[in-house]
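**Student:** Sequence:
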Amino acid sequence: MMVDVSEYQEISTQYSNINLTVNKTWTKELTCTVDTSNFLSTPLFHSLVYILYSTIFITSLSGNGLVCFIVQSSPRMKTVTNYFIMNLAIGDILMTLLCIPFTFVPMLVLRKWPFGQVMCKLVNYAQVVSVFVSAYTLLAISIDRYMAIMRPLKPRLGRVAAKFIVSGVWASACATAAPIFIVSEIKRPTAWHEFCEEDLCLEQWEKSEHSQQYSYVLLTLQFALPLTALVLTYARIAHVVWGGKPPGEAESLRDSRMQLAKRKMIKMMVTVVAVFTICWLPLNIFIILWTIHAEDMTWATWPGMPYVWFVCHWLAMSHCCYNPIIYCYMNSRYRRGFQQALSCILRPRTNSNTGQQGHCSGDALPLTDEFKRGGIPEINCPYIKAELLIQINIQRSFEEFFIFIKGDLAGDLSQLEDAVYASDVIVESKPRPHDLMTRKMRQKK
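Residues in the sequence shown are numbered from 1 upward in steps of one, following the UniProt record's numbering.
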């Protein structure tokens, strides 16, 4: 929602002495000149705003763009979970392009809307859509993680189902933001705006109650629902992972590695919840309070209001920068993808001396291909707590196998690392005799 905190502030602090009906001799240049004594109008404040928002803008575009590149350039990265992460990155890129420049420039620098009626509707609508795409995708990721860890024997989502979910995320976001497109209008709400011909892009609701109700809906769907899902799913996963005990005799080296991996995983989950809360809670509270006190001129014209809005909005927008770090760079696959992306830039695709392709030719063969050639993957994973057991799903043509961990924790091998992002899962495929695979099948029967 577009909250114009500068509207009443400007009137109360800079233009309170304007009287259009009494003093006809004032010139437009005199009455419409911004008071440079106000800190909001000083070059220092403008420089601070540009630096802080430019940092978010550059970091978010580069980080989320790199995530999309890594997922698209590597065959092994094209998993269901990574599709969700890429959709989150796309939503954050859209938020970066629309929410940052089209919010802080009109409200904190120009303090007017110079882009016209059509852009007012489109920008406001697209801003809300991008915010909800990110929120709904976070919800989908948390549920996908939960199902991967807590319900390992149930079939995982396929790529077609994942695409339907992503489409549903965008459709839901577009539907949720529809009222904003309808009520966004170019207005000149005061006599000063009429006299100076300065437009503002505002939400024009028929009744103030409708604005309050919609604000509560946005708070629930964009913040409360995703936060609740993150807390419940990650708390349950952390409880199961932390409570598991390794089977067999105690081994100090193995147990210490497992404890390290557990702490890493739980630290990542706590980080996800904490960052989401810290970034989005202040802005949601501010919008609710602004909606409730919309008619209270004393509250709305408080001198510190623009600065409070600036801090709340900057925190919310900075969440776009943290998502690539939390969901991707804490994962070893994405770190390797980042290194590969740099090698693609710094090195040619083909070695001129040997004629062989370099690192940009794609990732290693998926484990399922190795498996179908008669090899059995060997797992070197610090948090696995039981012997490896391979189960072949004949209906899926030998393409799906599972790791069972003492009956408590399991995961699809091809997506295990994606489900537990913080763990450094190293999968090494070593060829084994084909009869070993047959023997495993017989033992299972």
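Watch out, some of these pointers could steer you wrong.
[As the list claims (entries may be wrong)] Derived CB-CB ranges, DEER-like:
id, residue 1, residue 2, range
1, 155, 216, 33 to 39 Å
2, 154, 217, 28 to 34 Å
3, 295, 159, 47 to 53 Å
4, 119, 65, 22 to 28 Å
[Said to hold, decoys possible] Straight line, CA to CA, 20 Å or less: simulated PhoX-like cross-link-like pairs of lysine-lysine:
id, residue 1, residue 2
5, 187, 163
6, 121, 163
7, 207, 112
8, 78, 187
Hints listed in this document are in silico derivations from the structure and should not be mistaken for laboratory results.
On a predicted model such as this, the values are computed, not experimentally measured, just so you know.
We put the beta carbon where it would ideally sit given N, CA and C, even for glycine.
**Student:** A separate judgement is required for each hint: does it hold in the structure or not?
**Tutor:** So, going through the hints one by one against the coordinates:
1. 155 x 216: 33 to 39 Å: Holds, since residue 155 and residue 216 (Cβ atoms, about 38 Å apart) stay within the stated range.
2. 154 x 217: 28 to 34 Å: Holds: the Cβ-Cβ distance is about 33 Å, inside 28 to 34 Å.
3. 295 x 159: 47 to 53 Å: The hint (47 to 53 Å, Cβ to Cβ) holds, given that residue 295 and residue 159 are roughly 51 Å apart.
4. 119 x 65: 22 to 28 Å: Given range 22 to 28 Å: holds, Cβ gap about 24 Å.
5. 187 x 163: 40 Å, violated
6. 121 x 163: Status violated; Cα separation ~28 Å.
7. 207 x 112: 24 Å, violated
8. 78 x 187: 47 Å, violated
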